[in-house]
Each structure stands twice: as C-alpha cells, then as structure tokens.
Amino acid sequence: MTSATTSQPALRAPRRLGDRVFSIAATTSGVIILVVLASVAIFLVSKSVPALVATDKEVTDVGMSFWGNIGPLVFGTIWAAALALLFAVPFAIAIALFISHYAPRRIAQGLGYAIDLLAAIPSVVYGLWGIMVLAPAVQPIYVWLVDNVGWFPLFAGPVSGTGRTVLTVAVVLAVMILPIITALSREIFLQTPRLHEEAALALGATKWEMIKMAVLPFGRPGIISATMLGLGRALGETMAVAMVLSPAVIVSFALLQSQNPTTIAANIALNFPEAHDLGVNVLIATGLVLFIITLIVNSLARFIVNRRKAFSGAN
Amino acid sequence: MSKRIEVKDLNVYYGKFKAVEDVSLTIEPRTVTAFIGPSGCGKSTFLRTLNRMHEVIPGARVEGEVMIDGKNLYDADVDPVMVRRQVGMVFQRPNPFPTMSIADNVLAGVKLNNAKISKSDAEHLVEKSLKGANLWKEVKDRLNLPGSGLSGGQQQRLCIARAIAVSPEVILMDEPCSALDPISTLAIEDLIEELKAKYTIVIVTHNMQQASRVSDKTAFFNIAGTGEPGKLIEFDDTTTIFENPHVQATEDYISGRFG
Ligand SMILES: Nc1ncnc2c1ncn2[C@@H]1O[C@H](COP(=O)(O)OP(=O)(O)OP(=O)(O)O)[C@@H](O)[C@H]1O
Ligand SMILES: [Mg+2]
Numbered sequence: 002m003t004s005a006t007t008s009q010p011a012l013r014a015p016r017r018l019g020d021r022v023f024s025i026a027a028t029t030s031g032v033i034i035l036v037v038l039a040s041v042a043i044f045l046v047s048k049s050v051p052a053l054v055a056t057d058k059e060v061t062d063v064g065m066s067f068w069g070n071i072g073p074l075v076f077g078t079i080w081a082a083a084l085a086l087l088f089a090v091p092f093a094i095a096i097a098l099f100i101s102h103y104a105p106r107r108i109a110q111g112l113g114y115a116i117d118l119l120a121a122i123p124s125v126v127y128g129l130w131g132i133m134v135l136a137p138a139v140q141p142i143y144v145w146l147v148d149n150v151g152w153f154p155l156f157a158g159p160v161s162g163t164g165r166t167v168l169t170v171a172v173v174l175a176v177m178i179l180p181i182i183t184a185l186s187r188e189i190f191l192q193t194p195r196l197h198e199e200a201a202l203a204l205g206a207t208k209w210e211m212i213k214m215a216v217l218p219f220g221r222p223g224i225i226s227a228t229m230l231g232l233g234r235a236l237g238e239t240m241a242v243a244m245v246l247s248p249a250v251i252v253s254f255a256l257l258q259s260q261n262p263t264t265i266a267a268n269i270a271l272n273f274p275e276a277h278d279l280g281v282n283v284l285i286a287t288g289l290v291l292f293i294i295t296l297i298v299n300s301l302a303r304f305i306v307n308r309r310k311a312f313s314g315a316n
Numbered sequence: 182m183s184k185r186i187e188v189k190d191l192n193v194y195y196g197k198f199k200a201v202e203d204v205s206l207t208i209e210p211r212t213v214t215a216f217i218g219p220s221g222c223g224k225s226t227f228l229r230t231l232n233r234m235h236e237v238i239p240g241a242r243v244e245g246e247v248m249i250d251g252k253n254l255y256d257a258d259v260d261p262v263m264v265r266r267q268v269g270m271v272f273q274r275p276n277p278f279p280t281m282s283i284a285d286n287v288l289a290g291v292k293l294n295n296a297k298i299s300k301s302d303a304e305h306l307v308e309k310s311l312k313g314a315n316l317w318k319e320v321k322d323r324l325n326l327p328g329s330g331l332s333g334g335q336q337q338r339l340c341i342a343r344a345i346a347v348s349p350e351v352i353l354m355d356e357p358c359s360a361l362d363p364i365s366t367l368a369i370e371d372l373i374e375e376l377k378a379k380y381t382i383v384i385v386t387h388n389m390q391q392a393s394r395v396s397d398k399t400a401f402f403n404i405a406g407t408g409e410p411g412k413l414i415e416f417d418d419t420t421t422i423f424e425n426p427h428v429q430a431t432e433d434y435i436s437g438r439f440g
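For the protein sequence lines, the chains are A and B, in the order given.
Take the first sequence: its position 176, counting from 1, is numbered 177 in our numbering, and each next residue is one higher.
Take the second sequence: its position 202, counting from 1, is numbered 383 in our numbering, and each next residue is one higher.
If you're looking for bench data, these hints aren't it; they were derived computationally from the structure.
The reader is advised that the hints may include incorrect statements.
To be verified - Okay, derived cross-link-like pairs now, DSS-like style, lysine-lysine, Cα gap no bigger than 30 Å in a straight line:
#1 A:K208 / B:K297
#2 B:K300 / A:K208
#3 B:K312 / A:K213
#4 B:K318 / A:K208
#5 B:K189 / A:K310
What the hints assert, rightly or not - Part of the chain B face toward chain A, derived, beta carbon under 10 Å:
#6 R229
#7 Q267
#8 G269
#9 N276
#10 P277
#11 S282
#12 S332
#13 G333
#14 R343
#15 P363
#16 S365
#17 A368
#18 M389
Claimed, not checked - Chain A is nowhere near these chain B residues, computed Cβ spacing over 10 Å in every case:
#19 D203
#20 L206
#21 E209
#22 R265
#23 P279
#24 G290
#25 P327
#26 C340
#27 N388
#28 R394
#29 D417
Note that the coordinates shown come from a computational prediction; the quantities given were computed from them, not determined experimentally.
Note that the Cβ used here is the ideal one computed from N, Cα and C, for glycine as well.
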C-alpha cells in the first residue's frame with residue numbers, strides 16, 4: 002500500500018484506516034448474509050427434491066404426500082396471515098398515530114414502552130393465552146354470529162364448540178404482530194418533517210387532515226415495510242397456531258367451524274416428531290414453499306415501495 | 182379580498198419565556214409590510230401569531246389582540262383552522278409536499294375545504310395559481326411530477342401558488358428568499374409586487390434592499406439582550422425608516438452599525 006501511494010501519489014487519494022475497516026466489515030457482513038441465505042436455500046431444495054419426485058407407491062408407504070397437502074397448506078398459511086394483517090395493521094397505525102401525534106408526552110412514552118414489551122413475549126405465551134383465554138371468551142360471539150349472520154359465507158355454521166378456529170388464530174397472530182408494526186410505524190410518524198406538518202396546518206388543515214396530508218403519505222413506505230415484517234412473522238409463526246388450531250388439510254374460508262385449514266409452519270411442527278424417511282422430505286419441501294412465499298411477498302412490497310419512489314419524500 | 186390587521190398590546194410566550202413584548206401596529210389592506218431586525222428578536226414568532234401558527238408549538242401562547250377586519254383572531258369562538266384558511270403562509274425553507282405532484286400541491290389547500298372540485302375547475306385553478314406565482318411556463322409540462330423535483334426557487338414559487346390557490350385575505354412570508362439565488366429572489370420580489378394588488382402581504386426579511394424594494398411600510402424589531410423579549414422599535418413608511426428614522430437604534434441597524 003505504502004509503495005503504491007509513493008510511486009503514483011497524484012492518482013490515488015490516501016485510504017484511511019477507518020474507511021478500510023468499515024468497508025471490509027460491511028462487505029464481509031453482506032457476504033455472510035448471502036452465504037447463509039444460500040446455504041439455507043440449498044439445504045431446503047436438496048432435501049425437498051425426493052418429496053417432489055416421489056412415486057405414488059412411495060407416497061402411500063409413508064402416508065404423506067407433498068402434492069396432496071401443499072395446496073391447502075399454502076391456502077391456510079396465507080389465509081391466517083392475511084386475516085391477522087387485516088386486524089393488526091389498522092390498529093397498529095391508529096396506536097402509532099395516537100402515540101406520535103395525539104397522546105400527551107407522558108402517556109405516549111409509557112404506551113411506547115408497553116408496546117415494545119409486548120414484542121418481547123414468546124409466542125408460546127400467546128398460544129396459551131389463545132387457548133385458555135381468548136377461545137372460550139369468543140366462542141359465544143361465534144355462536145351468535147353463526148345464528149344471526151350465518152348466511153354470510155365466512156360465518157357459515159356449524160359453529161366450533163371450542164372457539165379454537167382460524168379466526169381465533171388470526172386474532173392471536175394479530176396481537177403478536179401488532180407491537181412490531183406499531184413500534185416501527187411510530188418511529189416513522191415521529192420522523193415526519195416538522196416543515197411538512199406546518200405546511201399542512203398553515204393551509205388550514207385540521208389535525209386529522211394534517212395527518213392525512215403530511216404524516217401518512219410520508220410514512221407510507223415505512224408502514225409497508227413494517228407490515229411486511231409483521232406478515233413475515235405471521236406467515237412463519239409455529240407455536241401459537243399449532244397450539245390453538247385443531248388442524249385439517251382443507252381449503253375453507255369459513256371462519257367459525259371446527260374444521261380449519263392449518264399453516265405450513267404449524268403443520269411442520271406437529272408432524273415432524275413422527276416423520277421419517279420420505280415424510281421428512283415432504284415436510285421440508287413445504288418449508289421450501291414457505292420460504293418462497295415469504296420471498297414473493299417481500300419482493301412485492303419492495304416493488305410497491307419503489308414504484309412511487311419519486312414521491313417518497315426521500316429527496 | 183384583503184383586510185386590515187390591527188395588533189394591540191401583543192405579548193408572545195414560549196412556555197415561561199416571553200419572546201415578544203407589547204407589540205401594537207396596524208397593517209393596511211393591499212400593502213406590503215416588511216419586518217426587519219436582528220436574529221432572535223422575534224420576527225418569525227410575531228409573524229406566526231398573525232395566523233395562529235404560533236400555538237402549534239407545545240407550550241406556546243399569546244396575550245393581547247389581533248383584529249382582522251374588526252374580529253379578534255384570539256376570541257374564544259374563533260377556530261384557528263378557519264383563521265389559517267384566510268391568512269396564508271410561506272415558509273423560510275420551501276416545503277412543497279414531497280408525496281404530491283406539482284398540481285396536487287397547488288390543490289392541497291383547496292381540497293381541504295371539503296369542496297368537491299370538478300376536474301376542469303381544478304385544472305383551471307392550478308393554471309391560474311401557477312400563473313399567479315410566475316411558475317406556469319416552467320412547469321406546465323410536468324404537472325404530474327413530484328414537487329420536490331423542482332429547484333429551490335421554483336419550489337418556493339410553488340409554495341406561493343399553493344398559498345394563493347385558496348384565495349386568502351393575507352399572505353405571510355417568513356424570509357421567503359433566504360434560500361434562493363438572486364434571480365429567483367428577483368422573481369419572487371416581482372411576484373410580491375403583483376400580489377399586492379389583491380392581497381395584504383407581510384414579509385420578514387434580513388435583506389435591507391429587499392425590504393426597501395418591496396415594502397410600503399417597515400417595522401423594525403429589536404432585542405435588548407439574550408433572554409429579553411423582542412420589541413417593536415419603530416414602524417413607519419419604508420422610505421422614512423430607511424432615509425430618516427426617528428429612533429437611533431433603527432438608524433444604527435439599517436446603516437450596519439448594530440451590535
Ligand atoms: N420553538 C421555540 N421554542 C422556544 N423558544 C423559541 C422557539 N422558537 C423561537 N424561540 C425563541 O424566541 C425568540 C425569537 O425567535 P424568532 O425565531 O422569532 O426570531 P427571529 O427574529 O425570527 O430570528 P431570525 O431572524 O434568526 O429568524 C428567540 O429567543 C428564540 O430562541
Ligand atoms: Mg425567523
């Protein structure tokens with residue numbers, strides 16, 4: 002290095018130690034992440050192949066088929082996660098806005114801490130809460146729904162006697178992902194430039210109009226990223242779903258019946274202990290599908306954020 | 182469409198700190214009034230009391246009266262939101278909404294009034310406001326691109342277009358040219374000259390030439406020392422203030438012998 006700089010001093014700016022350390026550290030971490038990701042992908046693919054190409058006879062021997070199960074499992078995974086997002090996102094945005102723009106500072110801080118704490122609770126606890134508290138509590142509501150609005154396909158009977166349905170799971174998942182979405186959205190909302198908030202107010206915006214005009218559009222990419230993180234967690238959640246749901250391999254939109262579609266992650270957790278030979282491959286192949294779903298969802302989010310990049314407020 | 186502003190015995194506070202003390206002045210309709218004075222003397226603070234933007238800062242409050250056409254802005258039954266729809270504001274740093282197109286920026290205030298505005302009316306208003314802000318020629322081919330893609334001077338004129346689109350009675354400008362080059366500055370000064378025909382304009386500036394070029398009346402604010410409140414020292418015709426001020430402090434300030 003020294004000889005290079007002395008022989009052609011005018012051509013190269015001297016490289017400072019700090020810059021070099023940082024650039025090497027950054028590059029290394031980037032490479033490590035890619036390597037880990039690639040090795041997971043390779044593992045999944047190589048272990049999945051036997052399940053994908055299994056003959057009918059092999060499938061009947063082990064009693065577990067990839068192609069027979071994957072459709073309902075994908076459906077259940079996406080259905081439960083989508084319902085969870087549907088409940089969680091509006092609440093999360095409302096709470097985040099309350100903390101960032103409405104609550105007095107003291108209350109806002111306390112609430113912020115409480116939300117962050119919620120994010121640290123392990124999912125087993127949420128699962129237990131779902132079984133022991135939520136399911137019995139909502140069961141009478143489910144009965145009422147089926148009796149009164151049962152004509153609506155989502156609420157079709159017969160009603161589950163335990164309350165442990167996909168709707169209950171979705172609520173548990175929503176509660177689980179609420180903190181992370183709230184915490185991230187709150188940070189984004191707090192970063193809205195004061196200049197833009199004042200621009201809206203000076204035009205005669207009410208507080209809510211100011212939020213619609215300045216805060217939410219500015220926070221949109223952040224809200225989408227936060228939602229994707231929550232969705233990732235909901236898609237991959239194992240324990241809470243496995244504990245609450247009595248699973249079946251079906252495709253059904255009914256929210257309140259005792260037969261419910263299960264999710265990929267929960268299905269793996271429930272069946273892995275007894276799985277052997279090809280069964281293990283089948284489960285891993287479903288894991289690969291989950292991996293792909295998550296990738297697609299994230300690319301979609303990237304795409305949505307980038308499409309309106311010019312309007313993002315980043316420039 | 183323009184109105185007289187009468188300020189009586191106004192004190193302005195940030196929490197316990199009194200930033201501006203005992204200001205009384207009258208601003209006539211269809212005039213340009215310039216506020217000058219050293220940094221920290223409360224020009225921005227005072228300006229923001231004229232459209233009740235002061236109170237959006239936590240702990241900020243005002244004592245005294247600001248009458249616009251005989252009605253006190255600070256009466257209990259006055260909604261600050263309605264005040265701000267009548268008294269528009271242009272900020273020191275251009276602040277078009279980055280998430281909106283140029284056209285939507287112009288319409289932002291109009292859409293607030295809940296008025297369902299038809300497409301052709303909207304297009305007409307965008308054109309009229311942008312022409313009013315001398316920006317139409319430069320942006321007419323890219324109305325749907327983001328406002329943040331314009332140059333600083335264009336952004337500031339976009340902000341002026343946004344302010345005049347709602348047809349306010351008064352336009353407040355806080356150092357609107359301080360981030361701009363001389364040519365953009367001249368463009369905005371010409372614009373102020375034109376806007377004067379329809380609006381009452383109050384402008385804060387650190388640029389003495391600008392004050393003497395654009396304003397009819399000038400108010401000189403000063404501050405006795407740090408932690409002291411700013412006060413209105415002299416308020417008179419701009420020519421008097423710059424050629425023949427009555428107070429020694431004013432003369433010192435405009436001749437550069439201040440501090
Ligand atoms: N948000 C705020 N909170 C507390 N004090 C403030 C706030 N904004 C301004 N002040 C104080 O009020 C006083 C007047 O400030 P102001 O911004 O009105 O001055 P100014 O005359 O506009 O100065 P400049 O020419 O630098 O813009 C200063 O002492 C300032 O520190
Ligand atoms: Mg100022």
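Now for the hints, and whether the structure bears them out:
{"no.": "1", "hint": "A:K208 / B:K297", "in the structure": "holds, 20 Å"}
{"no.": "2", "hint": "B:K300 / A:K208", "in the structure": "holds, 27 Å"}
{"no.": "3", "hint": "B:K312 / A:K213", "in the structure": "holds, 28 Å"}
{"no.": "4", "hint": "B:K318 / A:K208", "in the structure": "violated, 34 Å"}
{"no.": "5", "hint": "B:K189 / A:K310", "in the structure": "violated, 48 Å"}
{"no.": "6", "hint": "R229", "in the structure": "holds, 9 Å"}
{"no.": "7", "hint": "Q267", "in the structure": "holds, 8 Å"}
{"no.": "8", "hint": "G269", "in the structure": "holds, 7 Å"}
{"no.": "9", "hint": "N276", "in the structure": "holds, 4 Å"}
{"no.": "10", "hint": "P277", "in the structure": "holds, 8 Å"}
{"no.": "11", "hint": "S282", "in the structure": "holds, 8 Å"}
{"no.": "12", "hint": "S332", "in the structure": "violated, 13 Å"}
{"no.": "13", "hint": "G333", "in the structure": "violated, 13 Å"}
{"no.": "14", "hint": "R343", "in the structure": "holds, 7 Å"}
{"no.": "15", "hint": "P363", "in the structure": "violated, 24 Å"}
{"no.": "16", "hint": "S365", "in the structure": "violated, 19 Å"}
{"no.": "17", "hint": "A368", "in the structure": "violated, 21 Å"}
{"no.": "18", "hint": "M389", "in the structure": "violated, 27 Å"}
{"no.": "19", "hint": "D203", "in the structure": "holds, 26 Å"}
{"no.": "20", "hint": "L206", "in the structure": "holds, 22 Å"}
{"no.": "21", "hint": "E209", "in the structure": "holds, 23 Å"}
{"no.": "22", "hint": "R265", "in the structure": "violated, 4 Å"}
{"no.": "23", "hint": "P279", "in the structure": "violated, 4 Å"}
{"no.": "24", "hint": "G290", "in the structure": "violated, 4 Å"}
{"no.": "25", "hint": "P327", "in the structure": "violated, 5 Å"}
{"no.": "26", "hint": "C340", "in the structure": "violated, 7 Å"}
{"no.": "27", "hint": "N388", "in the structure": "holds, 22 Å"}
{"no.": "28", "hint": "R394", "in the structure": "holds, 25 Å"}
{"no.": "29", "hint": "D417", "in the structure": "holds, 29 Å"}
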